[in-house]
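Kindly produce the complete structure, drawing on both the sequences and the hints.
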Amino acid sequence: MTPAIDVRNIVKTYGKFTAVKGLSFDVEEGEIFGLLGPNGAGKSTLIRMMVTLLPPTSGTAVINGFDIVKQADGVRRSIGVIPQAMTTDLELSVEENLLIFAKLYGVPREKRQRLIPELLEFVELTQWKDAQVKNLSGGMRRRVEIARGLVHEPRIFFLDEPTTGLDPVSRVNVWEMLQRIKSERQLTILLTTHYMDEADKLCDRIAIVDHGELKALDTPTKLKLAVPSNNVLEVNFASPPSGWGDRLQALPGVESVTSEDSVFRISSRNGPATTMAMLDAAAAAGITVNALAVQSTTLDDVFVHYTGRALRDALQDASPQDSAFMMRR
Amino acid sequence: MSRTWAIVERELRRFRRSPILIVISMVFPLVQLVILGYAMGGNVKHLKVAVVDQDGGLPAVRVRELAGAVAGGANTFETILYTDQGSALTDLRNGRINGVLTIPPEFSRRVLQKNEPHVALIEDNTDNFVSATLVGQMGSLVTAFNLPSAAPRVSGLARLDVVEVYPYVPYVQYLLPGSIVMSIFMMVMIGGGIIFIDDKARGLHEGYLVTPISKLELVAGFNISGTIKAVMAGISIMIIGSLIAGIPSPLDPMRLLRLTVVIVVTAFALISLMFLIMVRVNDPLMPRAIFGVLNTLLYFPSGAVYPPQGFPGWMQVIAVLDPFTYAVHAFKSLLLKNTGFAAIGGDLMYLLVFSAIAMTAATRLFKRTL
Numbered sequence: 560m561t562p563a564i565d566v567r568n569i570v571k572t573y574g575k576f577t578a579v580k581g582l583s584f585d586v587e588e589g590e591i592f593g594l595l596g597p598n599g600a601g602k603s604t605l606i607r608m609m610v611t612l613l614p615p616t617s618g619t620a621v622i623n624g625f626d627i628v629k630q631a632d633g634v635r636r637s638i639g640v641i642p643q644a645m646t647t648d649l650e651l652s653v654e655e656n657l658l659i660f661a662k663l664y665g666v667p668r669e670k671r672q673r674l675i676p677e678l679l680e681f682v683e684l685t686q687w688k689d690a691q692v693k694n695l696s697g698g699m700r701r702r703v704e705i706a707r708g709l710v711h712e713p714r715i716f717f718l719d720e721p722t723t724g725l726d727p728v729s730r731v732n733v734w735e736m737l738q739r740i741k742s743e744r745q746l747t748i749l750l751t752t753h754y755m756d757e758a759d760k761l762c763d764r765i766a767i768v769d770h771g772e773l774k775a776l777d778t779p780t781k782l783k784l785a786v787p788s789n790n791v792l793e794v795n796f797a798s799p800p801s802g803w804g805d806r807l808q809a810l811p812g813v814e815s816v817t818s819e820d821s822v823f824r825i826s827s828r829n830g831p832a833t834t835m836a837m838l839d840a841a842a843a844a845g846i847t848v849n850a851l852a853v854q855s856t857t858l859d860d861v862f863v864h865y866t867g868r869a870l871r872d873a874l875q876d877a878s879p880q881d882s883a884f885m886m887r888r
Numbered sequence: 204m205s206r207t208w209a210i211v212e213r214e215l216r217r218f219r220r221s222p223i224l225i226v227i228s229m230v231f232p233l234v235q236l237v238i239l240g241y242a243m244g245g246n247v248k249h250l251k252v253a254v255v256d257q258d259g260g261l262p263a264v265r266v267r268e269l270a271g272a273v274a275g276g277a278n279t280f281e282t283i284l285y286t287d288q289g290s291a292l293t294d295l296r297n298g299r300i301n302g303v304l305t306i307p308p309e310f311s312r313r314v315l316q317k318n319e320p321h322v323a324l325i326e327d328n329t330d331n332f333v334s335a336t337l338v339g340q341m342g343s344l345v346t347a348f349n350l351p352s353a354a355p356r357v358s359g360l361a362r363l364d365v366v367e368v369y370p371y372v373p374y375v376q377y378l379l380p381g382s383i384v385m386s387i388f389m390m391v392m393i394g395g396g397i398i399f400i401d402d403k404a405r406g407l408h409e410g411y412l413v414t415p416i417s418k419l420e421l422v423a424g425f426n427i428s429g430t431i432k433a434v435m436a437g438i439s440i441m442i443i444g445s446l447i448a449g450i451p452s453p454l455d456p457m458r459l460l461r462l463t464v465v466i467v468v469t470a471f472a473l474i475s476l477m478f479l480i481m482v483r484v485n486d487p488l489m490p491r492a493i494f495g496v497l498n499t500l501l502y503f504p505s506g507a508v509y510p511p512q513g514f515p516g517w518m519q520v521i522a523v524l525d526p527f528t529y530a531v532h533a534f535k536s537l538l539l540k541n542t543g544f545a546a547i548g549g550d551l552m553y554l555l556v557f558s559a560i561a562m563t564a565a566t567r568l569f570k571r572t573l
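Protein chains in written order, with our numbering: chain A, 560 to 888; chain B, 204 to 573.
Worth flagging that the hints you see were computed from the coordinates, not collected in a lab.
Dumping the calculated DSS-like pairs for lysine-lysine here, alpha-carbon to alpha-carbon at most 30 angstroms:
| id | chain 1 | residue 1 | chain 2 | residue 2 |
| --- | --- | --- | --- | --- |
| 1 | B | LYS403 | A | LYS575 |
| 2 | A | LYS774 | A | LYS741 |
| 3 | B | LYS403 | A | LYS688 |
| 4 | A | LYS693 | B | LYS418 |
| 5 | B | LYS570 | A | LYS575 |
| 6 | B | LYS403 | A | LYS629 |
| 7 | B | LYS570 | A | LYS629 |
| 8 | B | LYS570 | A | LYS662 |
| 9 | A | LYS781 | A | LYS760 |
| 10 | A | LYS580 | A | LYS783 |
| 11 | B | LYS418 | A | LYS662 |
| 12 | B | LYS418 | A | LYS670 |
| 13 | B | LYS570 | A | LYS693 |
| 14 | B | LYS418 | A | LYS629 |
| 15 | A | LYS580 | B | LYS403 |
Which bits of chain A does chain B cover? Going by a derived footprint, with three or more residues having C-beta under 8 angstroms, they are:
| id | stretch |
| --- | --- |
| 16 | 598-612 |
| 17 | 631-644 |
| 18 | 652-662 |
Just so we're clear, the structure is a prediction, and the values are computed from it rather than from any experiment. Built from N, CA and C at the ideal position, the CB exists for glycine as well.
Okay, structure coming up:
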């Protein structure tokens, strides 16, 4: 099966600064594919090249069988795009926004009259269809944009940071909507995000992008498995004897043990093995375990593993080159 | 082409939702029309002129009487008799009076001897309008003084007869053509330029660029919608302004039709100019910053407030290139002289050629990508 998106060694440079350094990847039909990385990583540049907003410096991408450089109009007809900025017309009503875009895409009148009410129903905005967009909340505006992006029944849906700036409830709402779009409309979805939980919950596969390079690409589960296990056990024992810390330190996989009163934090290379051994040791010594929590690997750990820095740090200190690039966006 | 109309439809739907835009683009030209029209259009009156008679003879009394007659009739100036030249000059310098008419000693004797008699006008020349009026009035006064009291039945002196082809044009009517052009320009800048750049900065254009619309359809959509908005502003000011300024038979349908043609052509020329300037601009501050400069640069050299014949050479060059000049000339012909198309063919031709060049250049510069 030909992939829905086939990115081939794509490069984008601005003067001396290379924003995207020769990326290649495929997205299969029906996948939700996430580009995960901090601001300035090159995600937006990448997505803008794929949706024909920016010409690549070299390399190319084939979207739904159309080359982004040579067959740009074919690409444009195949895709729906939700840009990062909220780009709905604030002065127009929800329905008018959809209508204008249907006309821009050349959707015939009969199809428009069928599709627009259907989409409004889908994004749960039917009762707001005559409201001016400026009177809607951020989450509702995002839903207007999602409907707008689907008004010409595209095959592939591109979303640039779809939940940035939304409150937690609206974010979950957008996630659910995207999952429904995928299942009900057999759409391929490519989205960029700098939220770990978003990528984890929503995406079938994730590409980690940093400094314009592809650092890793796999399903969220496999990405996490590939990271050497780094679990933390937090255990509350009922009246642990003295020297109990040293006993815990000797358990298999344990790297370090810290304690505060009767609460012990055990860092382990192998969470399951350490947990089992710890429970056996406690039972043998006749010590009751009051509470036990095991924290497993997160995508945050994956990001640290592949890029050498935490995503939240990377979000805060974008390099000067990155900032120059961001201003250009 | 249907995609072009989608853009036009969107712009006009937005326009309908923000009536404040129409008001803003009309208020400034209308206020300027009324205030400038009446501030600058009137005749100078009630100037204060000191009369110092150092002679006291019969001819000097006649000069004073003639001055008094002007003061009593046209009210251009009022005379105040001073006995002392020094205090009259002090008052002149302190701005209490506008001029001093001095009848020197020996005036009467020189008149009788026909030996080059003089009267002097010492004037405050810091205000050109005031001093020109005073010189004109005093010149007529001296001419009247020179006329023999009993004129011969057939005069040998040459006289100028003035034939006025058109009804009297008050200054407010003279200004109206410029105000119409300015309202078109205001709408082009606010409803066209500023909205265009703001939309671009907000990312709205990205929404267009990911659709299969072509570059030409996009450019046409922006410019047709801008032209429609500017035409609406121009027609509104043309009608309201004609009523305010008292243009005779303002609603004559044939003239309205001709005026509308000029408004459409002018709107398209100005939209083309604006689009050429803004096509590569991304900063929303830019159109706001150049708005005032552009307005001054286009409005004043156009002959809207003062005839271009009075400009220095370099400004006449601006006037020749300035599309306002041709629009103002065409509106003046139609509004003040009620001419047909024959009188404005050249103006329309220039505006169309100007639009074609500017629009071609702008379209070439327009980028279909970010």
